[in-house]
Every structure is written in C-alpha cells, then in structure tokens.
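Number of protein chains: 6
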Amino acid sequence: MRADDVLGLRPCDRVLVVAPHPDDETIGPGGTVARLAATGIEVHVLCVTVRRGRMYGGASDPAVREQEFAKACAALGVRNQVVAWIDETGLEDVSARQRDLVDLIERHEEVSLAAVDPVALIIPAAGGYHQDHQAVYRAGFAAARVHPAGLKPTPRIVLGYRGVEDRWSAVAEPWWLHVDTSDQWPAKEEALRAYSTQMRASGPRSIDQVERIDAAAGASIDTRYAESFVPYRLAY
Amino acid sequence: MRADDVLGLRPCDRVLVVAPHPDDETIGPGGTVARLAATGIEVHVLCVTVRRGRMYGGASDPAVREQEFAKACAALGVRNQVVAWIDETGLEDVSARQRDLVDLIERHEEVSLAAVDPVALIIPAAGGYHQDHQAVYRAGFAAARVHPAGLKPTPRIVLGYRGVEDRWSAVAEPWWLHVDTSDQWPAKEEALRAYSTQMRASGPRSIDQVERIDAAAGASIDTRYAESFVPYRLAY
Amino acid sequence: MRADDVLGLRPCDRVLVVAPHPDDETIGPGGTVARLAATGIEVHVLCVTVRRGRMYGGASDPAVREQEFAKACAALGVRNQVVAWIDETGLEDVSARQRDLVDLIERHEEVSLAAVDPVALIIPAAGGYHQDHQAVYRAGFAAARVHPAGLKPTPRIVLGYRGVEDRWSAVAEPWWLHVDTSDQWPAKEEALRAYSTQMRASGPRSIDQVERIDAAAGASIDTRYAESFVPYRLAY
Amino acid sequence: MRADDVLGLRPCDRVLVVAPHPDDETIGPGGTVARLAATGIEVHVLCVTVRRGRMYGGASDPAVREQEFAKACAALGVRNQVVAWIDETGLEDVSARQRDLVDLIERHEEVSLAAVDPVALIIPAAGGYHQDHQAVYRAGFAAARVHPAGLKPTPRIVLGYRGVEDRWSAVAEPWWLHVDTSDQWPAKEEALRAYSTQMRASGPRSIDQVERIDAAAGASIDTRYAESFVPYRLAY
Amino acid sequence: MRADDVLGLRPCDRVLVVAPHPDDETIGPGGTVARLAATGIEVHVLCVTVRRGRMYGGASDPAVREQEFAKACAALGVRNQVVAWIDETGLEDVSARQRDLVDLIERHEEVSLAAVDPVALIIPAAGGYHQDHQAVYRAGFAAARVHPAGLKPTPRIVLGYRGVEDRWSAVAEPWWLHVDTSDQWPAKEEALRAYSTQMRASGPRSIDQVERIDAAAGASIDTRYAESFVPYRLAY
Amino acid sequence: MRADDVLGLRPCDRVLVVAPHPDDETIGPGGTVARLAATGIEVHVLCVTVRRGRMYGGASDPAVREQEFAKACAALGVRNQVVAWIDETGLEDVSARQRDLVDLIERHEEVSLAAVDPVALIIPAAGGYHQDHQAVYRAGFAAARVHPAGLKPTPRIVLGYRGVEDRWSAVAEPWWLHVDTSDQWPAKEEALRAYSTQMRASGPRSIDQVERIDAAAGASIDTRYAESFVPYRLAY
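Chains as they are written, first to last, in our numbering: chain A, 1 to 236; chain B, 1 to 236; chain C, 1 to 236; chain D, 1 to 236; chain E, 1 to 236; chain F, 1 to 236.
This is chain A alone, in the form it adopts within the complex:
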C-alpha cells in the first residue's frame, strides 16, 4: 500500500504546514513531513504562537520553545520554519483573533501562502478539542479558499492532521487519507524527543502513545506505521 510519491507531489513542489504551537507539526504530520522532505519537496512550517507562563508539569519559556521547534524541524528535514507570535504575557487568547489568524496564514512575510505559494496546505483537522487548534483550523480553511488565478495563491491540496489528544473529540471526521510513514518513524521519534519540555513519560503527550496511534493508522493500510489525514481538498 505504498506509492512512489504522496498524492502526486514532486521534488521542488512546496508544502506549508500550520501548527498552533511548537510540536503540533511533529505529533500530527511529522512522519509525512519527513517523507516529503526526503524526496526533495520543500516543507515550510508556520507556528502560530508560543506563550511564556506556567504550564501543568512545568513552565513555558519562548526561547526554549523556539530552540526545541528548530531542533524538531531539523530532524524532519523542514526547509524553513517560523514562530509568528511570541506571547510574553501568557495572557493572549488566540481563539479571539480570528481575522488576524487568517491574515497571518495568508500573508506572513516569511512563511505563509503568499510567501511560499504551496501546492499543499496542511492544517489541524476540524475536530480538535483545543480552542487554539479550532481557531487555526478555521483560519487555515478560510485562507485556502479559491482565488482567481493570478490574484493570490490557492493551494490545490488541503489536508487536516491530528492533534496530540485528538482521540478526545466530539466530531467524527473522515480520516480517509493515509501516508505510510514506516521508514520515517525514527525521524519522527527524534523530533518528538527534541520537545523535552513538552513530552511526558506517560499519558497522551508521551512518545509511547503517539507511537500507538501511528501503529493503529498503519493497521488501516497494512503497514508498520502511518499517519492519517482528513482530505478537505484535492484538486487535479
């Protein structure tokens, strides 16, 4: 159940992944990112925000979070990555800035639809329980609407990826696209380990549980590991 290329993407094609926070790009589509990058496709990652503050199980320091993010992206072979909004107060509510989020994904000067002009846009799927994931999904979906040729880039492919704890969802979505990531599990595991302040020894944020999810997705297509996506748009 493995093709030479994913969805017909070719070397030199460009892909944009949007992550609400550092680590979402790895936990959900990390193996797919690594597989695309390994075949010469340029993957760019726009991370929306990190905040400074107290977390359950530790503290969040933006500088540390950005280092982890860079290290993880390097492990996956990402071409370029950026964290757009640094929330030094820890009090921002991203989910109340819907318009700004659309603008960010459309026009961030370094990593955005305008800057990258990607064939594929990969965003959080609709069913995530986290308010930031929902807001980024909505904004990414809006940003991906079809524009007349020449006016603004429109990605031909739009996919939704799983979040860390998205088995906890009230929305049953069609996870119909599967990417064999058996060969990329080591790279994904390395990227996960880069997030030493985020991952836990057990529970939903543990490498063990991410591995179980990818192994079960692999069972869908009879491979060792896979990642599943919701295929919101595929235009050929």
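Keep in mind the hints are simulated off the structure, nothing from the lab.
As the structure is a prediction and not an experimental result, all values here were calculated from the model.
A few of these clues could be false.
What the hints assert, rightly or not - These stretches of chain D come out as covered by chain C in the derived footprint (C-beta under 8 Å, 3 or more residues):
id, stretch
1, 164-175
2, 199-210
3, 214-223
Ideal Cβ placement from N, Cα and C applies to all residues, glycine included.
Add chains B, C, D, E and F to chain A, keeping to what the hints say.
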C-alpha cells in the same frame, strides 16, 4: 481511568453478545467479555452463521469453525454459546433475510433476548463494511426496541463493537465508551489463537493488528489496552 | 428500565455540573442531580456567570439570581455551588473568553475539576444555540481531556445536557443516555419554581414545557419522566 | 406559530401518504393529515402490507386490520386508502423486495404517484429502526426522484414522518418542519383508538406515549401539540 | 416544479434577510428576494458591516459600498435596507462580538426582528468558511429562538443561504429547499453588476460562476435556474 | 488548479470503474476516465447489469444497451469493458444479491479486482437514491477492504462518483476530490450521445443537465468543467 464495574453491571447480571460469524465476538469485544465474565457476570454469545466453502486463504468447515468458537468462548469465560444457522451449501446470503434475523435475536430458544433476558445487548456497530455485519447490526437494533414491561425483554444497555477490519468504514461513528482491558489481553490473545483457520500471520486478521487497535484505544483513556464501543442506549 | 445506580456511580463519588447561567443546572439535568444526590453522591455545581441588566420580560439582579440559584440547588440536594463571574456591567461576552473559561473549569478554587476531582463532569451539550452555552461546552470539553495519572484530575465520565430551548438546534446529537427521573420530578419542579425571575407562565421557559420534554424523554425508555444526555465519554 | 395553510398547500391539492403497515399513517402524521383534509386537500394513503400471523401481544388478521385502517382513515378525513399487499402466509420479507416497492409507490393503480399525481409525498423518515420502514423510506425516496415534465409525476414536496418507536434510532435526523396539530388531537386520538388490535395500554404503542411525543413537538413551536417532519424536498 | 407562492408566503407578509457584508444578500438569495418582492412581499435587508481598507484586488470605501448595496437592493425590489456597522478603521473582528450581533439582529431600530416582525428570517447557512458568515449565522440562529407569544417576535420560517464561495465548506449541509428563480435571473444579474468593486471578471466572485451554481441548483428541480436553502425551521 | 497527473497515477497504472448499469460510468466519472486514458492509464469498466423490459420513455433491449455501452467506452478511451449480468426477464432485483455482487467485483474473470489488480477503484458514491447504486456501492466498498499483501489485490485508492440524479439524495457526502475535465468535455459529450436510448432531451438525464453539474463542479476549483468525487481511501 478504571472503575470497579463496567457501566454498573453487577455479578449475576446477564449480557448477550451477537456475532455474525465465529470470531467476531472475540476480535471486537473479547477483552470486555473476559472482564465481565471474570466478575461473575453471565455472558451468552449468539453466533448467527457459519458456512461451508472455499475461503481466500483456505476452506471453511462448519464443524471446525464451531470447535474454534467453543474454544475461544471458553478462553473468554463465556457461559453459553451457540451457532444458529449452519449453511452447508455456502450459498446463503444472510443480508437478504432481515426479518428472520430479527426473529432469531428475539427468540432463539437457547441464546436470545427471550432466552437470556439480558441487561446489556452487544452487537456489531453500524459502520461495518461487511453486508452480514450490517444486517446483524440492523436486526439487533430492531430487536432491542423498547417493549412495555412484562411483554418482552428490553435490554437497558445496547452497545456496538468493532469488526475485524472496521477501520475501513465510510461511517464515522462516535466510539465514546471505552473499557480498560489491559488485564484481559492474555485471555483475548488466547481466544484469538483458538481461531487457527481464521487468523492470519499478517494483515487485518492478524493478532498483531488487533493488538495495535486495542493499544490505540487504550491511548484514549491512558491505559495499556482498551476496547471502544458505540453506546446506542444506556438507560438508568 | 431502571437500574439501582446511574452508570455505576456509588455513594461518596463526586460529580461536577457546569452551568452557563443559574437555572441551566436545573432545566437540563435537574432530576438526575436530585437522583444522584438522593443516593449519597456529592454533586457540585459551577455556575459561570450572572449579569446585571435589562432582560426581555424583566431585569436581572445578580444578588437575586444567586439567591434563586442557592434555593434551586438546595431543592435538588446539591452539596456545594458557586457563581464564578458576576458581571455588574452586563456587557461581558463570555463567548469571547475561551481560555479563561477553560481555566475556570479546571481550577476554580472552590468548585472545579481541581477542587472536586469528580468521577463525572456534566456540561451543556454541543448543539445549544446560545453563544454562552456553546462556549461553556467547548471549554468543558477541553478541560476534560485525558491527563497522565497524578498530574491533573480527569473525569471518567463526561455527559452533555439539554438547555432550555435546545429543541431549537441545527445540530442533531445522539441523545443516547437516559436517566429515569420519575421520582425526582417533584424536586425538579420545586427547583424550577425557585427561579421566579427566570421562568415564564408559558413558552419555552415555562414549567409546562420542561415537563413535556421530560415526559417525551421518559417515553424513550417507558418511564413517566426521564432526562436524556449525550454520552461524550464513558471510561470503565 | 400557526399559518393559514401548511407549506402553501391549497384546497384541491393532493397529498400521498405511504404507510408500511396500517397505523403508521396515524401515529406519525395523523394530525397533519386531519388538518390538511379539514381544509379541503385530498389525502390518499397507500398502505404497503398487512400480514396474517402471531404477534407479540395478539394475532394479526388481515381483514380486521383493514377494517381498523378504514376506520382510522375515516376519522382523519382521508379521501381514499388502500392496502396493497396482503401477506396471508405471514412469511414475506418486504425489505427484500426493494424494486417491487418502488414500482408499487410509482404505479399502484388506485393509490400511487401515477394515480394521484400529488403535490406532496409523505413517507417514513430515514431513521426508523424497523426493516420495513427503512425499505419503504428508500423506495419512496427513489420513487420521488425528479422526472422531466410530462413523463411521470414528480411531487414538489417530500416529507419524512416519525414511526411509533422512532425515538429508538441510531440516525439523528433534522426534524425541522413542524405542523401545529393542536386542534387535530381529538381526531388523531380517535384514529388511534380505531387500532384496537395494535395499540397497547402502556409502552411505546400507547396513546399516552404518542401524546407525549406530540406535546414535546408542540413545545418546539410553542403550541399545545405538533407533529415534526424531515423536509427532504421543498420545491417552489 | 413551480408553485404559485413560496412556502405559502402571501402579499404583505414580511421577510428579513441578514447579510454579513453588502453583496451576500444578492449572491446567495438574490433571485428569491426578487421573486418574493415581485409578489408584493416586503423584503428588508440588514447588512451587518462594511469596512474601510485594502482588499485583494482593490480598496473598500464604505460610502461606495453603501451605494452599491442600495443599487443592488433596488434591482431586487427590496423595501428597506441598512448597513449597521461602519468600520472606519478596518480593524474590527465581527466574529469576536457574538453578543452584540445577537442584539443587532434582535433589536436594530430600523431593520431587525423587532422592527420588521417578519414571517421568515433568511441568514447565511452554517457551513460558510468565512468567520463573519459563521458569526452571523450563529447570531441569527440564536435570535430566531422561540419566544412566548407577545413577548418578542419569532419568525415561523428560518432559512440558510449560500455564500459566494461556499462550495468550499467542510460542512455537508442539507440543501433541501429550492426556489425556482428562472424568471428572476435578469434581476439578480443586474444586482450583481451593481457591485462593481466586489465582483471579478473570473473566479468565484464572477457572475459566470454564480450563474453556474444557480443553473446546477435548477437541475435539482428541472428548472433553468434555482437557489437552494437549508430549511432550519418551518412552522405551520 | 490542474496537476500534471491525477492523484499521482502514472502511465500503465490500472483503474477499475464499476457501473451499476451502462451509462453510469459516463455520466459520473466519464471526463475523468477520458483524462486518465489520454495519459496512458488503462481504464477497465465492469458494468453490473442490463435488463430487458419496458422503461419509462421506451424499452430496454440488452443487445442495444451493450452496443451503446461499447460505443461510449470507445469515446472515453476505455481499455476493456464488460456487462456481467444480462437480465432477460427484467425481474431481477440486484439489491437483494449483496453477496453475489461482492463476488462479482472481486472475481469476475475478465474485469474485476482479481483480473485487473488496479491502483484505483471507482464506484458509485454512498448517497445515490437508486437501490442498485446503493447495492453496488456497498459491494464495491466491501470488495475494497484491505487484504494482506500477496493474498488478494487491494486498491490503494477508492473513489465514489455521482449518479445521474444524485442531487436527489438524503445523504450529504464530502465531495472533496475534484478533477479538472475541461479538455475532456467533448469526449464525455460524445459518450453521452452514444446512449441514445437512455438520454433525454430535457430533465435529469439530458446532456444539458449533466453539463450544468460539471460546470458547477468546475466552479469549485475555478476551471471550466470538473467532476467531483468522495475520496473514501487514499493510501500512499
């Protein structure tokens, strides 16, 4: 995330599981059956049919299939089990006998709603791709409708379980009920091994892939293994 | 169709109900609260907000609303209740404070997941038309995500209840869990009467219409009255 | 919340109701039928089948069932009604005769789309648990497809009604059309009483429970009673 | 497939259309507005907002936008229209003002539920990708809840219309109500042309693509053109 | 919005299309078939049945129907096509032969999964109202389940296509995959014309209405024409 008892079921309560073919009662809810049985709950299994004939990867002999079924049920601690319809020609299409299926589940003399009067009825979930699973789901659902007290038994609880390859489904169902089966995996594995003519070394019908599914379900509730169900009715 | 205990809950177990405004805890799950309380289960109610201001059909005075709330909770047998946010200006838009709502439900010092450590969390269901109900649903759902054992309390059971006018909903939800509240109707009616500034003589906010809804739910399970819930998580 | 006419239907317009068995036309849309008939609209009822045989709680004699059907239709003001298939053996499975059902609804010589040429077709809704209801729904839906003008009648309006126990459904449908039947409850009750072999003193088939459902539907639109429908097609 | 009147609406009945921005009332339900107006029904349009600022493909000047809006409404035969919020800074995020939106639709002094007391309320459908459309849908839905007779107007009919690019939606809604607008296409085209700063020569905002959508909707009911709606409430 | 190749399919890849009756392969996915064939991909078409008999608007003669089918397939560039079941009596009900249908799609000796071993399987989508389309959808879906490598062919890609009148559906499916067929419209039109006994001058079975549907699908991705599919499985 583990309770003393499942859904408030108590020792001496009775549960009826309906399986389209031998092995469905194990692959889907086998660990839950074993856990219920271990706490003194009577579990009865009504298997609808086995057929004689050529299969991909072998042949199906009803006598052998019934032996496997008995052995698996013993491993799980089932109180009583029966195969209702032996199809010696191998040509029956169960999915065209909807009314007979409803009658079977309502009134089979040995294992049925009338014979067992169960608190809980456990049937295949709606989304299975196999025509027999769909037919048994529909018939079980119809049989479980509410009757006036005293006229006919009505199970207070109705659950849908996963089939062997039900990651291949066009219906996204709410798998909202999870049973921790960590301690029952050995019993489930033994029951799976009893099906030597049905299980395969690899692919969807392998023990490895059933284990992956149960491990991923466990990740939903932070346990080693779990089985997930669609909770069609819970009346208290 | 009545069990000795609801979902296996036992005396001394704790339950947390979250209500957007005073009266939601009564109109939706009031009979269930009364039944749980009557069997020795501790029920705690977190009411998010009351606002001062003009209402259709009257005025809202926070002090009066809190008195009504206390009186209704007493009628239902609630152990402890609190109103978290008093909006003296009447201008707050709760639905724009998603992050704060999650924090509130997780960590309010007196009544919250952290303070109560409940087995079951009962929140508004997803399909309510009111923006505050939707916001509290989303926040409650997010707060109920699974945490590693020991880090933060995770309720094993999460249920969604009906709002006052939730027959007006564009979302068709699976109301699959039913609780027989025939014996608790008098307590629920008394609690409804406590809300003299909120209930009306006719229309959706009348006792007559709440009674009709509970009588129709009772018809689902052949009892005099019942309350129906969406069973988002049931872990055993 | 009451209009002069239902959906713009006018005196002399014709309506076709399809009932799997005698009593379905009354339990579901009986009040609406009575209201339409009272304003001069011709309502025709095609009942698919009665069978001879043992029933839970009694026996079914086709002649008696047809008498009951005629009496109920008279109480509702139906212009013309017919039972199409008499199953003297009691062994027919209607759900296995999908093509014949479509032909029946399209072309029965006395009461059908061809014979009546109705503006509105009223069929069981999709979510009924009973195999016959599901089959009649599917057949009615197929029969109602759009035909070129002049070739075959196409009803402009297609509605789905509730079955007797359709609170027991795994399909959450949008019951968005409500008809105020407050003034028609007496006629509906009289028609229900005509079914002396079918109705029960308690339980889902009791007048009490039908009344509770209609009272709850009334609560949706602030009337004493109402009937709710799924509006599959409304063409103007 | 054409009736004399739409949904039974009669001359002198009043209808309220809510548009997030100028042109939404035309692109979605413009032909239906024209058909209703042509039969003597009063149609009132509440446009929520225009903003000053840079747009892709041009600039937005509130005064120009209001002129276009007035011209389009005149072409459709609208009785009265208003733009409620002028955003001179271009920085407002309507989607973060949920409560204000509900108040606006309920109580705007000139065009609102209170001011117009309409039989039918026509709002954007739920599935639009644009954050403002989603917010206006939610607010309109909340404003349309049922009130006791005499307290506040409740529209008997609530419909959802398509937005300009709503083929790009992750929500599959039931577009079950169709209005034959074959005779109104010229008026709709004239109204579209009035929006010279908004419409484009090609792409989703071109007259050509709006025409294709209406022609495909017409194919649903075998007419030249039609507009399709989601029928959220129909009470008779 | 056009890629060099569809979903990464390459010259010499094989595709299997299953059509309930002759013309379904053209009306739904005809342009896509033509585009695939034009790039060197082998397309095989399995048509399930033709029946002899009276039709609305004419008569059905199997020999004529097969000639039309062959002519249409030639226009689209199909490599090989077959009609499996000739129903000389006109009385067969395909929808009651679910098991036989699965066997047919798995093992027909000339055109089937076993005979063709395709990368992609293209079947009717789930939501068709016609009982034969539903039966072929279910059988095709079942036949496409994942098998262990080497035992039986498993198509990596499974797509659902539209039927002739599938705007008449009670199931809202996600039509998320779009294929630009602008250059293939002439071939599709030629193939449609080959069905002189099936196509009509007006109404749903007219070339005009098929063209409107494809033009509206094109509007989804800003092309002149397109065909939309439900992407049930995409494995890479």
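Right, here's what the structure says about each hint:
Here the stretch 164-175 of chain D counts 6 residues with a CB under 8 Å from a CB of chain C, which clears the bar of 3, and the coverage holds. Coverage of the stretch 199-210 of chain D by chain C holds. Counting CB-CB distances below 8 Å, 4 residues qualify, and the rule asks for three or more. Closer than 8 Å: that is the beta-carbon criterion, and the stretch 214-223 of chain D has 6 residues meeting it against chain C, so the requirement of 3 holds.
Checked against the numbered hints given earlier, the structure satisfies every one of them.
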